[in-house]
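K.L.:
Each chain sits in its own coordinate frame; assemble them with the hints.
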Amino acid sequence: MSKTIHSALVILICLAARGFAQESPFFVTYNHHMEEPGNLDIEASTTSDIPRAGQRFYFAPYAEFEYGVTAQWTTEFYLESQSSWNDSTVFTGWRLENRFRPLHREHWINPVLYLEYENLNEASRIQKEAEGEAPDVSSPNAVLTPQLDRELEGKLILSSDYHDWNIAENFIVAKNFSQSEGVEFGYSFGVSRPLGTLASGADCRFCRENFTVGAEIYGGLGSTLNLGLHDTAHYIAPVLSWAISDNSTLRFSPGFGLTQESDAVLIRFGYTYEIQNFGSRISKLFGRKP
Amino acid sequence: MKQIVWIMMSVCVFAVVSPAQNPTYQQDPTWHAPAEAASRTNPLASRPQTAAGGHKLFVRNCAECHGKDGTGIEKKHSADLQLPVVQMQSDGVFFWKITNGNTGRGMPSFSKMPELQRWQIVLYIRTLKQP
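Quick mapping for you: the protein sequence lines, in order, are chains A and B. Using the working numbering, read the first sequence as starting at 1 and increasing by one per residue. Using the working numbering, read the second sequence as starting at 1 and increasing by one per residue.
Hints listed in this document are in silico derivations from the structure and should not be mistaken for laboratory results. Glycine is no exception: its CB is placed at the ideal position from the N, C-alpha and C atoms. All the given hints hold, so there is nothing to weed out.
If you want the footprint, here are the derived chain B segments under chain A, 3+ residues with CB under 8 Å:
#1 44-56
#2 97-103
#3 108-116
What follows is a set of in silico ranges between Cβ atoms, one per label pair, in the way DEER data are often shown:
#4 G54/A <-> R105/B: 54 to 60 Å
#5 H77/B <-> G154/A: 31 to 37 Å
#6 R105/B <-> N98/A: 19 to 25 Å
#7 P34/B <-> W73/A: 23 to 29 Å
#8 Q130/B <-> L152/A: 53 to 59 Å
#9 P34/B <-> T70/A: 22 to 28 Å
#10 P48/B <-> Y117/A: 49 to 55 Å
#11 V143/A <-> P34/B: 55 to 61 Å
#12 A202/A <-> Q87/B: 23 to 29 Å
#13 H77/B <-> L152/A: 35 to 41 Å
#14 S178/A <-> D28/B: 46 to 52 Å
#15 A45/B <-> W73/A: 35 to 41 Å
Next up, chain B with everything else stripped away, as it sits in the complex (with noise of 0.2 Å):
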């Protein structure tokens, strides 16, 4: 029996630790923000100290796709968001697809989120580019 739980243990913890990162990330052509939403400018600007919240939130929401430190991961398709070609898009336009998802390739909608919670995790994106 001890046997079995340890298997399954060894399994669970494969599954839970993931490899992350996604060297073959393409960009869907088809997801544009309006140009009225992607000029939009982050009210959180001018308060960087609120991205440490934006790091909290990420990780309990976004990590699960993006990996904690932003990579994307390959199986899930999702975008590698330290990226020049990811990091080059505006907040407006960061914002908006966090709000409107893009069902069709899985990831969803976090209107839920308050807004200032999305601006947040916006500010805390900004933080993954490279150097």
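Extracted from the complex, chain A is given alone in its bound form (with noise of 0.2 Å):
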């Protein structure tokens, strides 16, 4: 078993080519920049809260596993889990997300479509996205875990580049096939910049450079049984990302709930490794031309 994990190990080294992980610094917005084809960005991330009254407090750690298809085509996996205090840990299942860029050049609107498979139960806390109405964060998870959550999920996302500054937004449309729950709907706003907009001819892991500064809102907009803002969380939430290496990114972000439904407070952290080149360099090992 070691001399797998050695082995896996050597091959994850050797694949780590150097690479500039600019990666946005959102967690839940999306904009137009694609994953470079290719590339291949694996994720740590986590979500927690501080909770309000009668609400749990959880820790929800999930990996992401995103891979440049093509220049307009990035498909991502994920898995997650959860372990709420006083109960138990367990795992929330997987989601498969792809996105497609439908035109070649910049514009000053930038449309992207999105489409997800989500696998879950109703104890999934990453809150990748809010729909419809706010999640149960009370009930314990051995109530939670059998509630399947299948649901396609589709989001328009149109993002604009200006100047050195990243406007995005996204509108999310739900279904739940598991569940009576209707159309949910959705939506994200986020607005970012770096810091430092000329490169130092320097290495440096302290340069304004490798600094993004920016905010996103979230929230649900209720579902076709239940439509508006009546049960629905929604959060404010500055975003920081430090790239601390030529392939690595640390985010952090604090969400403020805006309402009795929300989470008090939301705290994600995310780390990003880039491996560039994989496509090709595992189609090389495996004999193949790339």
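P.N.:
What follows is the structure, given as structure tokens:
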């Protein structure tokens, strides 16, 4: 077993070429910048909360694998889990998402189409998006885990780069096939900007150019059964990302709940490691021409 | 086991040190910058020292496909940036191409980089010009 792990580590280290991980700082909002073709981002993130009275403290780690299939198509796979205070730790499911950028050139507004299949249960807490009504954060995992949440989700992503600012708007439509919740709606908006716009000649960790700051706001808009803001969660969240090396980025975001149904605060951390040319290197390892 | 690790490392080293240069580079005749974009001048032209930052950005973002010396990589169909046919293009054209990419041929858009950093890369690409 240890030999297998050793071999896997050797392969991973070999594959990890230099690449600049200039990732979007957002946790929820997507912009039109796709993963470079052939590159793989491996991300470890967590969502945890500072609960209101009657809510439970939870810690929800998830792993994300993002691959640039082409310059206009990015695919991602997620595995997620959750651990609640004075309760249990449970696996909460997986997600597969695809983003397609239909237009070749940069425009004032760049649309991206997003399609995701989620095979989760109601104990899921990573809150990658907010749609419909607020999730149940009071019930124990034993009650929530058996409740399946198989969902198809679509997003219209609109994003613009104006000088050095990125402005992104996401409109969400989701249909849960496991429960009768109607069609749910949600939104998120984000704006971000790098702290430094001129790159220094030296390699440096703490240069301003390595930091991006911004803010995002996201929430649910109810469903076809109960359209509107009633019983919905909304957050406003400053975001900060730091490119700590050529191929890794650290992100942090505290999200402040705006309604009684929201968690008081959502704390998010993310670490992304980028492997350049992953696809062609794997092809080479198996003797195929890239 | 040592032999397996050794073989794997050799394969990986071969994979990482891939041969550069693209002598067969053909320009994409459909990839044209609009006249307005092509006529833009580099705001950093009077600050040649900022090309050092451009070199750093080039190595991080461009060398993967264009090679560290900018001569292109044949299997990626990427441009040899030293060629006169490339260097004769204006700064504005370079900036537009970096910004928009040519997604149909695998070049991504780099509009996520700040504008000045894209101009720094243009400044550095000029230093690749063959004497």
